[in-house]
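Colleague: Spelled out, the chains give:
There are 2 protein chains.
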Amino acid sequence: MNNVDSLYQYGTLALLVPGLFEGNLSLTDLLSHGDTGIGTGDGLDGELIILDGIAYQVDGDGNVNEVKDDFTVPFANVHQGAFKPLTDVDASLNAAAFEKKVLDATKWENTFFSVKAHGKFKFAQTRSINKQPKPYPGLVECANNQSVFKKEDVEGTIIGYYSPQIFNGAAVGGFHLHFLADDHSMGGHVMDFEMQSGNIAVQRFSKLEQELPVNNQDYMDHDFSKDDIQKAIGEAE
Amino acid sequence: MNNVDSLYQYGTLALLVPGLFEGNLSLTDLLSHGDTGIGTGDGLDGELIILDGIAYQVDGDGNVNEVKDDFTVPFANVHQGAFKPLTDVDASLNAAAFEKKVLDATKWENTFFSVKAHGKFKFAQTRSINKQPKPYPGLVECANNQSVFKKEDVEGTIIGYYSPQIFNGAAVGGFHLHFLADDHSMGGHVMDFEMQSGNIAVQRFSKLEQELPVNNQDYMDHDFSKDDIQKAIGEAE
Chain H
176 MNNVDSLYQY GTLALLVPGL FEGNLSLTDL LSHGDTGIGT GDGLDGELII
226 LDGIAYQVDG DGNVNEVKDD FTVPFANVHQ GAFKPLTDVD ASLNAAAFEK
276 KVLDATKWEN TFFSVKAHGK FKFAQTRSIN KQPKPYPGLV ECANNQSVFK
326 KEDVEGTIIG YYSPQIFNGA AVGGFHLHFL ADDHSMGGHV MDFEMQSGNI
376 AVQRFSKLEQ ELPVNNQDYM DHDFSKDDIQ KAIGEAE
Chain V
176 MNNVDSLYQY GTLALLVPGL FEGNLSLTDL LSHGDTGIGT GDGLDGELII
226 LDGIAYQVDG DGNVNEVKDD FTVPFANVHQ GAFKPLTDVD ASLNAAAFEK
276 KVLDATKWEN TFFSVKAHGK FKFAQTRSIN KQPKPYPGLV ECANNQSVFK
326 KEDVEGTIIG YYSPQIFNGA AVGGFHLHFL ADDHSMGGHV MDFEMQSGNI
376 AVQRFSKLEQ ELPVNNQDYM DHDFSKDDIQ KAIGEAE
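These protein sequences, in sequence, are chains H and V.
Be aware that the first sequence starts at 176, since it is given in this note's numbering, and climbs by one per residue.
Be aware that the second sequence starts at 176, since it is given in this note's numbering, and climbs by one per residue.
Take these hints with a grain of salt, some might be off.
[Claimed, not checked] The following label-pair restraints were derived from C-beta to C-beta distances: (1) H:Asn390 - V:Gly409: 30 to 38 Å; (2) V:Ala280 - H:Met366: 24 to 32 Å; (3) H:Glu316 - V:Asn238: 51 to 59 Å; (4) H:Glu274 - V:Glu330: 49 to 57 Å; (5) V:Gln340 - H:Asn269: 31 to 39 Å; (6) V:Lys306 - H:Asp180: 27 to 35 Å; (7) V:Asn238 - H:Gln405: 39 to 47 Å; (8) V:Lys243 - H:Pro308: 53 to 61 Å; (9) H:Ala280 - V:Pro310: 40 to 48 Å; (10) V:Lys309 - H:Asp265: 27 to 35 Å; (11) V:Val323 - H:Glu410: 42 to 50 Å.
[As the list claims (entries may be wrong)] Each computed DSBU-like pair below joins lysine-lysine, with the alpha-carbon atoms no more than 30 Å apart: (12) H:Lys309 - V:Lys291; (13) H:Lys406 - H:Lys306; (14) H:Lys401 - V:Lys401; (15) H:Lys401 - V:Lys282; (16) V:Lys291 - V:Lys259; (17) H:Lys282 - V:Lys291; (18) H:Lys406 - V:Lys243; (19) V:Lys309 - H:Lys282; (20) V:Lys401 - H:Lys406; (21) V:Lys276 - V:Lys406.
Calculated from the structure, these hints are not laboratory results.
The C-beta atom is built at its ideal place from N, Cα and C for all residues, glycine as well.
Go ahead and model the full structure; you've got the sequences and the hints to work with.
Modeller: So this is what it looks like as structure tokens:
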């Protein structure tokens with residue numbers, strides 16, 4: 176594939192809600208769909224940042240580890256990077272202002288796109304979590320047990336995706352951003368930041384290639400009608 | 176493509192709710208993704224049934240017309256047919272019992288699949304609608320203006336898709352079935368039926384290939400936050 180017009184998603188956000196954290200896709204298979212992305216590991220084993228074909232895991236202690244080919248994921252997004260410059264950053268932007276700036280400049284509310292920003296941050300605040308033991312807890316319980324990391328004066332990359340709200344539940348409706356410091360000193364799922372300078376690039380998709388773990392019996396047997404997916408996502412994401 | 180493991184969807188159900196009925200994909204392009212499917216035409220111009228690579232339109236007067244290559248669609252699902260027999264029908268099944276029988280036998284609630292059934296029906300009740308003029312009304316208003324057709328003792332084919340509820344809004348959560356009589360005397364979007372004999376076949380997908388009309392400015396500019404998509408779909412579908 177590696178179509179620059181297509182976003183690949185493995186799993187759904189919804190399957191994480193009841194704790195279906197099993198990694199059913201290997202990193203090798205994931206990277207066959209692109210060189211850029213985000214995700215999480217087997218058992219919710221940290222937060223993934225994939226840049227230029229290399230996958231980094233921010234674990235629950237905040238360590239940044241390069242991930243091996245046999246690492247597996249329950250949920251991830253990747254695409255073949257072909258970003259176009261959107262704007263330079265010359266005034267301070269927190270996460271909300273960053274997202275507003277990108278949407279105002281692109282007008283892409285109704286389709287999937289990727290955003291990649293590199294520059295200097297007054298601070299970046301992220302979260303991650305250690306691999307959960309079986310039987311897996313639900314996503315909301317995990318969110319309450321996450322570790323939060325904050326670093327001042329850091330250079331790094333924001334990478335992630337925007338999905339239309341109609342896909343919330345399958346994907347993360349709105350922005351889903353991860354961060355990785357250039358020196359690999361911290362990273363994770365973005366909670367907030369203040370970007371001071373740098374640049375923002377974007378890549379629009381006309382297609383979502385959604386793959387489901389149909390060979391995972393726990394997934395196929397699960398009764399999602401008992402999960403309040405939207406509420407849980409609101410609390411956990 | 177034509178991967179037998181992948182369902183192609185053009186547009187979303189949600190875009191029909193505020194009346195974004197413009198046909199942005201030609202039949203030729205649609206059929207490049209498979210030989211089997213359902214959909215609707217430009218301006219909500221009837222209900223489509225695609226069997227063995229031939230697309231039939233049931234118009235608002237109930238006529239069944241073979242559709243030309245330049246016919247365009249705002250919303251459609253197609254896939255490359257590779258069905259497997261599921262069960263013979265030897266006791267009368269209405270639409271609800273049919274759907275329950277298929278789900279009970281497959282246990283595929285959590286993934287996309289196609290269902291194709293051929294046989295004798297005590298009756299089939301369908302609906303369709305004539306092409307709407309611009310400015311397009313909303314989907315709920317159109318649903319109130321549809322024509323309903325009922326035929327007793329008819330042989331024909333049920334063709335359609337099941338989508339997990341988490342995708343409701345993007346797709347039709349649950350079953351979305353169309354019907355075509357063997358003699359092309361009637362057809363349309365299934366409202367109800369009573370199947371008496373015949374067989375049911377199914378085809379499971381692990382992937383949804385979702386394409387959005389990113390080059391249609393009306394779609395890209397639309398503010399979906401003002402549409403109550405779930406409520407409208409409940410009323411119209």
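Colleague: Hint by hint, which ones does this structure get wrong, listed from lowest number up?
Modeller: Of the numbered hints given earlier, those the structure breaks are 2, 9, 10, 12, 17 and 18, listed in rising order.
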